[in-house]
Structure formats: C-alpha cells, structure tokens
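Given next are the chains, with one letter for each unit.
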Amino acid sequence: MTCWNCHTDTQGALFCPACGKITQAPRGETAFDVFGLPPSPTLDANALEARFRELSLKLHPDRFAQAPAKERLLSLERTTTLNESFRTLKDPVKRAFYLLKLKGVDLDREDPGAQRPLPLEFLEEVMTLRESLDALDEQKDLAGAQKMADEVGQRRKDALAAGCAALEKDDVETAARELSKVRYFARFLEEVEAMEEEALA
Amino acid sequence: MSGFMQIHDPLKPKGHAVGIDLGTTHSLVASVIQGKPTCLPVEENGGLLLASVVHYAKEGGVLVGQKARARAAEHPTDTIVSVKRFMGKSPSDPQTRKLGAYRFVDDSQSVVRFEVSGGSPVTPMEVAGEILRALKRSAEAHFAGKVEQAVITVPAYFDDAQRQATKDAGRLAGLEVLRLLNEPTAAALAYGLDKGSQGTFAVYDLGGGTFDVSILKLVEGVFQVMSTGGDSALGGDDFDRAIAERALPHFGINAPTPTQVHELLWASRQAKEALTGADEVALTAFGQSMPLVRADFETWIAPYLQKTGAVCRRALKDAQVESSELDGVILVGGATRTPAVRRFVATLFGREPLGDIDPDQVVALGAAVQADLLTNVERQDEVLLLDVIPLSLGLETMGGIVEKVIPRNSGIPIGAGQVFTTFKDGQTAIDVHVVQGERELVADCRSLARFQLSGIPPLPAGMARVEVRFQVDADGILAVSAQEQSTGVTQAISVKPSHGLSEEEIEQMLVDSIDHAEDDIALRQLREQQVEAERVLTDTQKQLAAYPALVDAAEKAQLEADMAHVRALAEGNDSHAIKAALLVLDERTKPFVERVMNQAMQQALAGHSVEEY
Numbered sequence: 001m002t003c004w005n006c007h008t009d010t011q012g013a014l015f016c017p018a019c020g021k022i023t024q025a026p027r028g029e030t031a032f033d034v035f036g037l038p039p040s041p042t043l044d045a046n047a048l049e050a051r052f053r054e055l056s057l058k059l060h061p062d063r064f065a066q067a068p069a070k071e072r073l074l075s076l077e078r079t080t081t082l083n084e085s086f087r088t089l090k091d092p093v094k095r096a097f098y099l100l101k102l103k104g105v106d107l108d109r110e111d112p113g114a115q116r117p118l119p120l121e122f123l124e125e126v127m128t129l130r131e132s133l134d135a136l137d138e139q140k141d142l143a144g145a146q147k148m149a150d151e152v153g154q155r156r157k158d159a160l161a162a163g164c165a166a167l168e169k170d171d172v173e174t175a176a177r178e179l180s181k182v183r184y185f186a187r188f189l190e191e192v193e194a195m196e197e198e199a200l201a
Numbered sequence: 001m002s003g004f005m006q007i008h009d010p011l012k013p014k015g016h017a018v019g020i021d022l023g024t025t026h027s028l029v030a031s032v033i034q035g036k037p038t039c040l041p042v043e044e045n046g047g048l049l050l051a052s053v054v055h056y057a058k059e060g061g062v063l064v065g066q067k068a069r070a071r072a073a074e075h076p077t078d079t080i081v082s083v084k085r086f087m088g089k090s091p092s093d094p095q096t097r098k099l100g101a102y103r104f105v106d107d108s109q110s111v112v113r114f115e116v117s118g119g120s121p122v123t124p125m126e127v128a129g130e131i132l133r134a135l136k137r138s139a140e141a142h143f144a145g146k147v148e149q150a151v152i153t154v155p156a157y158f159d160d161a162q163r164q165a166t167k168d169a170g171r172l173a174g175l176e177v178l179r180l181l182n183e184p185t186a187a188a189l190a191y192g193l194d195k196g197s198q199g200t201f202a203v204y205d206l207g208g209g210t211f212d213v214s215i216l217k218l219v220e221g222v223f224q225v226m227s228t229g230g231d232s233a234l235g236g237d238d239f240d241r242a243i244a245e246r247a248l249p250h251f252g253i254n255a256p257t258p259t260q261v262h263e264l265l266w267a268s269r270q271a272k273e274a275l276t277g278a279d280e281v282a283l284t285a286f287g288q289s290m291p292l293v294r295a296d297f298e299t300w301i302a303p304y305l306q307k308t309g310a311v312c313r314r315a316l317k318d319a320q321v322e323s324s325e326l327d328g329v330i331l332v333g334g335a336t337r338t339p340a341v342r343r344f345v346a347t348l349f350g351r352e353p354l355g356d357i358d359p360d361q362v363v364a365l366g367a368a369v370q371a372d373l374l375t376n377v378e379r380q381d382e383v384l385l386l387d388v389i390p391l392s393l394g395l396e397t398m399g400g401i402v403e404k405v406i407p408r409n410s411g412i413p414i415g416a417g418q419v420f421t422t423f424k425d426g427q428t429a430i431d432v433h434v435v436q437g438e439r440e441l442v443a444d445c446r447s448l449a450r451f452q453l454s455g456i457p458p459l460p461a462g463m464a465r466v467e468v469r470f471q472v473d474a475d476g477i478l479a480v481s482a483q484e485q486s487t488g489v490t491q492a493i494s495v496k497p498s499h500g501l502s503e504e505e506i507e508q509m510l511v512d513s514i515d516h517a518e519d520d521i522a523l524r525q526l527r528e529q530q531v532e533a534e535r536v537l538t539d540t541q542k543q544l545a546a547y548p549a550l551v552d553a554a555e556k557a558q559l560e561a562d563m564a565h566v567r568a569l570a571e572g573n574d575s576h577a578i579k580a581a582l583l584v585l586d587e588r589t590k591p592f593v594e595r596v597m598n599q600a601m602q603q604a605l606a607g608h609s610v611e612e613y
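Line by line, the protein sequences are chains A and B. If you read the first sequence in the numbering used here, its first letter stands for residue 1, the second for the next number, and so on. If you read the second sequence in the numbering used here, its first letter stands for residue 1, the second for the next number, and so on.
Mixed in with the good hints, there may be bad ones.
Straight-line distance between alpha carbons at most 27 Å, and here's what the computed DSSO-like set of lysine-lysine pairs gives [as the list claims (entries may be wrong)]: (1) B/K579 with A/K157; (2) B/K36 with A/K58; (3) A/K101 with B/K404; (4) A/K140 with B/K307; (5) B/K307 with A/K157; (6) B/K317 with A/K90; (7) B/K590 with A/K101; (8) B/K424 with B/K307; (9) A/K94 with B/K579; (10) A/K90 with B/K424; (11) A/K140 with B/K579; (12) B/K217 with A/K90; (13) A/K94 with B/K217; (14) A/K58 with B/K217; (15) A/K147 with B/K579.
Ranges between beta-carbon positions, derived for each pair [claimed, not checked]: (16) A/K70 with B/N376: 17 to 27 Å; (17) A/E190 with B/S289: 49 to 59 Å; (18) A/E54 with B/A429: 44 to 54 Å; (19) B/E467 with A/A45: 28 to 38 Å; (20) B/G174 with A/K70: 19 to 29 Å; (21) B/G417 with A/D171: 47 to 57 Å; (22) B/I253 with A/E190: 46 to 56 Å; (23) A/P119 with B/A561: 23 to 33 Å; (24) A/E190 with B/V419: 19 to 29 Å; (25) A/G144 with B/S289: 53 to 63 Å; (26) B/D574 with A/L189: 36 to 46 Å.
By construction, these hints were calculated from the structure, which means they are not laboratory data. Ideal Cβ positions, reconstructed from N, Cα and C, are used throughout, including at glycine.
If we strip away everything but chain B, and leave its shape as in the complex, we get:
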C-alpha cells in the first residue's frame, strides 16, 4: 500500500520539513525559514548545488557530490552520474546500456543493478537514496535537528514507474515523502506565493536533459494545473552537442574517441555559457582554438527551440487557453539563461518572461513552500495545489488497441472504470494489460502491468461484464483493480515499481504520438471494424444455424451473399468499406432477428407467469 495509509502519531516530532529538487546534474534542498523559502548549503564550501554524483569506494564508504565527481575519471564504473536517467527503468531496455560506462549485473531480475566496489550491487533507487540521504544530513546539520519529511520534485513527464522509484528512494533515505511534486508546478508555486499573483501562467522548464511545460491557473489561493507537456530527451545538453558537431571538422577530427568527445563537450559548454554575455567567444580544446559567433550558435539551436514551441502550443490547446490570455510566463532550468531561449519564449507567448528567481533554485524553493503548506497548520488555508496526470492511462483491448481510461491532464487524485465484456461463449478469464502513453497501439505505449481476472462464470459471449478500475493518487501513482459485475469476483494489483520508460522511450513515444496520430487512427479503425465484422459474422451464422425454420430460401441466399461480401472486405484494409457492408448486413438481418427474438420470448415465457419476471 502506498504512503497514504501510514499512521501518524501527532505526538512524535517530525523535525523540519524540506523540499528537494532531485536533479539529473545537481540536487538541492530548501526549507521555509521564518516565512521565507531558502536553499540550504550542501557542499563543504557552502555551495547550494550538490552534484548528483555517487562514488562507491573500494574500502566500503560512499561519497556524494563534488568529492564523488573528483573520483569519476579514475573510477568510472564505481562512480554513478546522472542516476535520474535510470530511475524506474528495465535492464532489458536497450537504452539503459547506452547511458554510461557502468558494469551491470546480468540476472533475471527486472531492476537495473550497477556492479560497484565495496559491497553488493546497487539499484538506481539506492543510488538516488544516497543523494537524498546526503541532502537530509546537510539539512539536519543546518538546523541542528531532525529532518524526516520531504516533498521531492519529479519531471512532469515522469511515468508511474519513475515516480514509484523516486518515492521509494526517499524512503530508503529515511524520509517520509509527503508528496511528489511536478517540477514546473513547484516553480510556479515559488513565484505565485512571493508575488501573491492571480491569473493564468505558463512555466517553460528547459533543464540539462529534459523539457517540461505547464499551464497553471491561480484563483483565490487554488493553484490549478490546466495542462502539462514535455519532451524528456531535449535540453541544454543538445546545445552543447550542436556546437561540438560543428567544431569536430574544424579541429580536423573525423572519428573522435570517447575522451575527445568528453573534452569537446565540456569546452562547448564553457563556450555556450560565455556566449550569454558576449557576441563572440573562442572555443578552446585540444590546445587549439576556434572562434564562435553568437548568431551562428543561435541558428544551430533554432530547431530545438521550434520543437519546444510545438509542445507549448499543444499544452495551450489542452488547457483551452490562448497565449494572449496568459498573465505571466515563468522560466525554469539552467538552459533558459541562453538569451536566444528567452527571446524565443517571449515571441512564443507574446510577453517578456519572468526570470527573477534563480532558475537553478526555483524548483527546490517551490518544493519547500509545498512542504511547509503540508506540515504547517497555520498555513493550511493559504494555498492549495491541484495537479494533473501527464500521460494517458489505458487498457489493451482486442487487436492490440489501447482503450484510454484516464486521458492525460486529468486532475488527480482520480479514478475511472471501464467495463469489458467476454468475447467468446463460456470464457472464464480475461487478461488485463495496463499501459501508459498517447499512442493508439499497445506496442507503442509503456507497459505498466499485466494480470488475469479469473473465475468469471461461463456465460454466452458479451454477457459477463468486468469493470476494471484505475485509481491515481495525489502523487500520480496508480493502483488497479478489476471486478466481475454479476458475481463480484475482485482482483486488486498494485503496479510494481520495477519498470519505467527510458528518457529516450518517452521522447520517442511523444514524437511518435504527434507524427503517427494519423496512421494510428486509421489502423485502429480498421482493427475495430475487423473485430466487429468477425463478431457479426459469427453471430449471424449461429442464429441462422439455430433457427433454420425462421428464414426462407431467398432471404437466406441474400444474407449469405451479404456475409460473403463482409468477409471478403474484412480481409482487406478499407475500414469504411467494411463498415458500409456491415450496415447493409445489419439492415437485411433485422426482420430475421426480430422473428428469432419473438420466438425466444414466447418459449421463455411458456409455462411461467408474468409475475415471475
């Protein structure tokens, strides 16, 4: 059972509640101190940004932050960087292996495990747990007191498995996770309360490796997320690569080694950051230098910005908001420091974006505000946050088609039920397959869980009705149950946190859902019509065989011709033609079906009094 069932003892002091931004490159912890959200020092030099790097030492100790990063070059396989990218992912996922030079444990387990020095293999959840524990300790040192409750932020586009893994990492670190909060929502919260604003806001969050956008409405203390969108494989890292790609030929390198790529990417990043304040800079690598002009750089990154623009327009559309109706645009993430990004956002939304809170800190500050709202009784009535589920949840139906049960951008917590009927006479079990994503076909969505509902009473096809119910809690985490309606047979499952989408998978899913929306719908319609044709043909055949006396020769011949026509079309791929033929068949069978119904009714009533019914 998830966290909401834990029992609280009001007498047990919980210490200070904190907000944590668990980031790909760095992590922060913040807390509301004397009414003001403040980031706490986490590195030895007093820095507020903890490098999201964990080193497992040969002698058995664990280092986190700069000290761990310093050992990365010497001990690449014992030092885990960017663990966030592995959260909730399957080892069988081919993308998993591409993300780093790690030694993975090969076994039948469904969880990624890194082989490291000084102990047994560790999962991404445990690695993230070390980062969270380090943040917790820093906060405890700062307060000289206990810290047991935290709000942890996640990208809005994190799916169920990734959220589960993040929440469990918090538990491993000894934290009670009050809430998983979407990063753009956290940023809006940081701005909203400081400014006491009312209105509709867009949050444009471009980090190192991910892009999120959210449209929010703030009315009378209620922060309502209207829609959210994103691309979890697009970020500032792509800008570095854009520079590096052009620099390679300049330095006369055709086939760079991994070390050269690393050096060049690092140099590109330095040059990119320098371009924020200058029109022309020198890119220095391999002891050589190349001039870099801001205008060229801006041309190179334009395609990435256009991509974020499409995602933003879709989010506005989902929220049913025109950009002219916005009252403010908020920038989050280090990549929004690039002047071209700011200009692009200003043009896209038709107004200058707000950027006066440090884009590196704003998410952690918002998380601290939410932690305070959840634990400080005096502030309980100030603000309420209403968030949404970012990706649609659905079930597999006949022909590998997804039946959406909860569409994306529905307010959470939410539940929904979907009734499924048996397809064959006497069928006693139904397979339930839960998926997440926007595509129409199961194969293109993320599989979350499979289970079988058995013990269905054997009834004619279509008579047994099974209701599958989804429950998504306020953290965006899913539970599923199924119930056969005539007998009340129930099965409940919780979706296991063992699998998750890779960043690349999600990105691919999103891009595909836009690119292939058309193919999907056409294919879906065809499959639906084929399934329907099969059902109608079987049914008609059965009725004709069961009631030969109720149909005359000419009628039978006509029906058989119509059926042959449907059968032939169902082999093809024209869904409209199948549908038209089915309509004709349906019309022609009506008189016969009527006679069958009448006879069945008379037989059923024979020997019974009407009162018995």
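With the rest of the complex left out, here is chain A:
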C-alpha cells in the first residue's frame, strides 16, 4: 500500500511510517487481519477485547475531531470495519460462520447451493424439539422451556465444538454440516429467549 499523503510504502501499518497520517485499509482485509490474528475458530476473548480497546483508542473518529476531512473519513471507515470485525469475532458462533465463509461456504446465503443437506433424522428431531417447545409455550411453562434450552444449548455447544475442530483441520464439508446444525439449535434458543422477554414484561 502507498500512503495517500506522502506516497511512501505504508508496509501495512495503521499510520504511515513516513508522515504519520492514518492509512487506508488494504483491500480484502478480513476481520482476523484487522486484529492481526491468524484465522482460527478459537481465540482468547480477553485479549481480543484488550486489542479492540487499543485499536479504538488509535482509530476512533473522536481522535480525529479536529483533523482534516480526508483523515476523518479514513478514521470513520477504519472504525466501522473495526466495530464490525469485533462484533463478528467476539461471538464464537458468528466467528465460526465467518471463518467457514472465508473458506468458501456461506451458510447465510439462502440459495440452495449454499445450504448443506442434513440427515432427515436430524430434521425430524429438530421438529420434535420445536413441537415440545410450542406445547410448553402454550402452557406458559417457562421453567420447562429453560430446561430444554439448557439441553439444546449443550447440543449447540457440541455441534459448534465439532464444527470448530473440523475448521481447524480444514475439513470444510464436516464444518459446514456441523455449523448447519448450530443454526437450527440457535434458532430454537432464540424462541426461548422471546418467551423469556414475554415473561419479563
């Protein structure tokens, strides 16, 4: 990358080594690149947050409140990317899906080509789980729903762990299958959360 201000090579730094101005983000920068981390499904949450604060202190628009327009715009762009990247990486589920996407499988795409077929027994099981939740919902049995949520939460954790292990080994197909399961469990847990909000009111 060349510095927009003094045209020297920035060597990928946040601030130009020659003139000290904030630099443009390199094209195709991933969330992991933003934090200077290797792409991995596991990372240290405390270290990530510390790094987030450190980068915010350098890049946030408040640091450029009195700077020229060009620098303020770059600060806005850089901070936007930083916040988006932090949101993706701090959540283990979002992080795993993102890594899978980097490896070529985007499970958030709705088109059939992106989806991974799951065994019918699994789909049937999910349907049974949902039916049980509907029944609990009708009886306003929040404790029962929370108990189910604990079990499903554990299964989501297991599927996520299996998906992450596969990602570590670069076994994209296994990862895609396990993370597809995570999606089903996550949606189930969202419904329990909606029930909890209802009870809160």
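Using the hints, position chain B against chain A.
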C-alpha cells in the same frame, strides 16, 4: 453529507467548546474551566437552568426561558413549551396534535410547523435552535469570547430522525455540533472522570418525561457502552398524574377543565417534591386542602418503578452483565430525587446508588467533558467514549417482515450489508424500505426511508443479487446505499430528517416489542413458510413443464399429490405443518432435480471445450 465532511481550518479560532443538555423542561450549558466542568449562568438572575420555553412576540422578537414562560398563560399559541417532544416528528402523526394547544400549519409538507405571531411559521428544529442560540449567547457573555463548537445530548432512545433534527437545530444556532451524546453516557462521563473509576456501571436516568438506562464499562480510559434501554414516555410527570388522579374525587371534580387539570398537576408536583423531605404533606388546590401520606404515594408509583425494573433487567441481559458484577449505579434526572426511586434502584441493583453530582446538572457536565476531550489536544489521550445504536435497523422483506441488519446495542460507527435477491424472473427493480425498531413486522416499526433500486439486469429469479449497505456514524445517524453485485449499479440515499417517532410511538413500540415478541415470531415464521412454499411450488411446476421427458407417470402423480398437500397447508396458519410438507416434497423431487441438472449440464457443455469454463 453529514458533519464529518466539513473542512476545518486549524488557523481559525473556534473559541470555547461547550456541552449542552437540551432538555424537555429545561436546558443547560457547561464548559470545562481550569480543568473542571462547570455549568454556566443562563437566566438573568444567574440561574443555571434555562426553561425550555420560546415565545414569539407580536412585535417580532423572540424570548427564551423564564421571560417566555411568563407569557405562556396569556399567549399559549405563541409560546412553545416542551419542543423536544416534537423533534423529528411528522405532522400526520396523530400524537403530534395532542401535545399542546398550538396552531399547526396544514400543508403537504412533511414537517411540523407552528403558526406563531410576528413572522412565518416555525418548525420544532427552529424553536430548539432558539434555545440553543440563547445558551450560546449566555456562554459567550460568560467567556466574553466566541463559542462555536458544542456537544449536544439526546435521550439514548432518540431515533435517526430525532437525532438529525437535533443536529440541524445546532447548526441553525450557529454551532458546529462536535457530537450528539447519549444522556446516560454523558452522566457516566461526568462521574467517571471525577472519580478516576474503573469497572462496570449502570446509569438510571429518570427525567420528567423519559426513562433511559445504560450499562457501561470503563477500562484503561475507554468508556464502552455495553447496552442501553429505555421508555420514552415514562417519567416524573407520571408521578404527578398519579397524585392528581386520586385528588380529583377528593375535591369533588368529575369532569375537570384543562385549566383545573393544569392547576391540580402543578399542586401535585409541589406536594410530590415536599414529600421528599416529609412523611405527610398537604396538597392544596382550588382553595381546598387534602392530606397526602408518603406511604400512599409510594404505592401509587410502584407500577411505574416496576416498569423501569423490567427495562433495566433487559439492558443487563443485553450487556451480559449480572447486577452483582456492577461496580456502581449512577442516578440522573430530577425524578431520582424521590426517596422511593432511590430505594427501588438500590434493591434492583443490590447496591446504594451514587448521587453526589446534582442530577439536573450531571448530563450537561458530562457533555462539557466530552467537548473538552474532542477539542483539547492535551487531553486527547485521556478518555475515549464508545457508544451504541439504541434501536435495531432493518429492511422490509417479502410479506412485510423486517430483516434486521444492525441489531440494537451494536457499537458505532458501524456498517452492515445485506444481500437481497430478485423474486421473479426478469425483475429489474427492487424496492428498499428502511425501518427502525424491535418488532418483527414492518407495520410496527418506524419507517425511515424508501427508495427503489432500478436498472437491475433482467435475470432468472434469484440470480440478481443486490447488496444494501447501512452506515451509522458516531452520532448514531444513518446513511444507506444499495448496489447490484453483477453490474455495479449503485444508489445512495441519506435518510431525511423530516420524520421521527413520537415519544408515544416509541413507547408503544417498546412495550409492544416485549408484549408481542411471541406473536411476531409465530407470524413471521408463518409468512416465511408461505413465501417459501410459493417459491418451491412455482419452481417445481416450471421444472415439470420444462422437462416432461425426465419424469415418469407414477412419479409425477406422487409429486403432484405432494404439491397439492403443500398448497393446501399454505392456505392455513400452521407454519410447522407447511415446513414438514415442504421437506417431504423436497426429498421426493430430488431424483427428478438431479436428472434435470445432469441434462442441463450436458446441453450446456455440448459444443464447448472445458477450458472455456
């Protein structure tokens, strides 16, 4: 383009930077003087609270503050009180008319306009601009110098239109708005720096008409807002009404006149304030008196406190913080002077709240600190504030369902993209509708903007992909753009500041989002399954018609029976049944789809070398 594109000339002196609390009932201006945030005198008697009242005189002058309030009774339509409630609102909003005895201009414009004496009609933005200008002048008189830059506070629950209107009011007053700052965040800033604290804090902000709560974390000079929540139609005014409702029958009044209501509310407010220091007081109105016991008053306001409790629990949950993990609770707003409120907060969070900074001043003091941090180069490395967006942003999708693009409590500035595909073959335009709120259905959210992305190349359904991108800046203000991915057709819009949520609308939205979360999800699932069923049926039909040779009679009969089953269920309202039937149909069509794919592949490859691909 919003403020961040303005060009600064470092040689032009900006004078002193101030923090402004633009409040519903009163407004304050503060500045950091010799390292200490200080509120500046704004009324003639040296008072620090400027009544948020603007009077337009017949002879053409404008009065702000106590002098304006003094004319309110005589000239009710020329004197605008509580203008904050009108900020960013639409005149077609039925709630707009309920908020005061004003004369509104009826025209096709989408902005509220008050008909006043002495000149042309004024918008809420202009009225707020007069208050800001008065504060600016007071500050300039105090410093005997220029004041051109300000941080202005807004309720955390203000939406995009309300923020835009506030920022534009600042510009009208000749101020460069350095930042719009959320009120609870400002309060935390006032406390955080004075105490040099580290840890996680809750800010409980109960004003005259609004309630906000924020959970913040302060680590190594970074103030990070973890979550925010609120109810913009709940405040100390409700306590006055609770007293007045009980007093009416005591005074033998069944159908009170507006003047009587006004007098009784005023008396109730006096009595409420007196109860802070006494167990029993006399409520005096209409030349009569009624005894008022503190214990009764506390029973009457309990339901309002419970309501704030639910909002607080949700904010803790959003922040993933247990109340036992908090290091401090900060009280903001005049209504937190009520002892029952303090006790309630202490029980709710399991600790005594901090209240040693005047709750009326704390927001302005925090805004002054932020203004100083943004303009004083020597302080730049001391503290950084990282705030969040209070209400989720989303897009309308098929069936009037909201697809959330940026969930509430995301750190700002932030952007997000969402890819939409065409629904019909040859579709060349997509309507984009941007909304804000927590509900699942578009009809229940605040509409922010609509635009059409045209010029999409005619392609089979699902092939054209449009990415809609949201960009929220550090003030919480939104810009939207859309791009068709195969051709690069781009459209950018800025969200117009003409509309906003009424306080009542937001309140209703929040209450509804909690009350109806369940209905919403069920309805959303049903709509999704119905849309999916339509897509699968159309697609299967098309394939069967296009490739009759690839399916035998028995298979076709079975598929048609399965399709009829899906069609029948899609008429009903059982989303799970539709989904199950779709799964069956999907399984049964697989062999046929495979044959179609193989044939299509062979035809496509015929006559081409593999290298061409």
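Distance restraint hint 53 to 63 Å, applied to the beta-carbon atoms of A/G144 and B/S289: 55 Å, holds
Measure nothing beyond the straight line between the CA atoms of A/K147 and B/K579; if it is 27 Å or shorter, mark the hint as holding. Answer holds: A/K147 to B/K579 is near 25 Å, not above 27 Å.
Honestly, do B/G417 and A/D171 meet the 47 to 57 Å range at C-beta? Violated: the Cβ-Cβ distance is about 29 Å, outside 47 to 57 Å.
Range hint 17 to 27 Å (beta carbons of A/K70 and B/N376) holds or violated: 23 Å, holds
Given the proposed pairing of A/K58 with B/K217, does the C-alpha separation stay at or below 27 Å? 19 Å, holds
Has the given pair, A/K94 with B/K579, been kept, meaning a C-alpha gap of at most 27 Å? Holds. A/K94 to B/K579 sits at ~26 Å (cutoff 27 Å).
Straight-line alpha-carbon gap B/K36 to A/K58, limit 27 Å: 26 Å, holds
Is the straight-line distance between the alpha-carbon of A/K90 and that of B/K424 27 Å or less? 38 Å, violated
Run the distance test for B/K307 versus A/K157: straight-line Cα separation, threshold 27 Å. Measuring from Cα to Cα gives roughly 34 Å; hence the hint is violated.
Against the 27 Å threshold, does the CA-CA distance of B/K217 and A/K90 hold or violate the hint? 16 Å, holds
Against the 27 Å threshold, does the CA-CA distance of A/K140 and B/K307 hold or violate the hint? 21 Å, holds
Taking the beta carbons of B/D574 and A/L189, is their distance inside 36 to 46 Å? 22 Å, violated
Hint violations for this structure: numbers 5, 8, 10, 21 and 26, all remaining hints satisfied.
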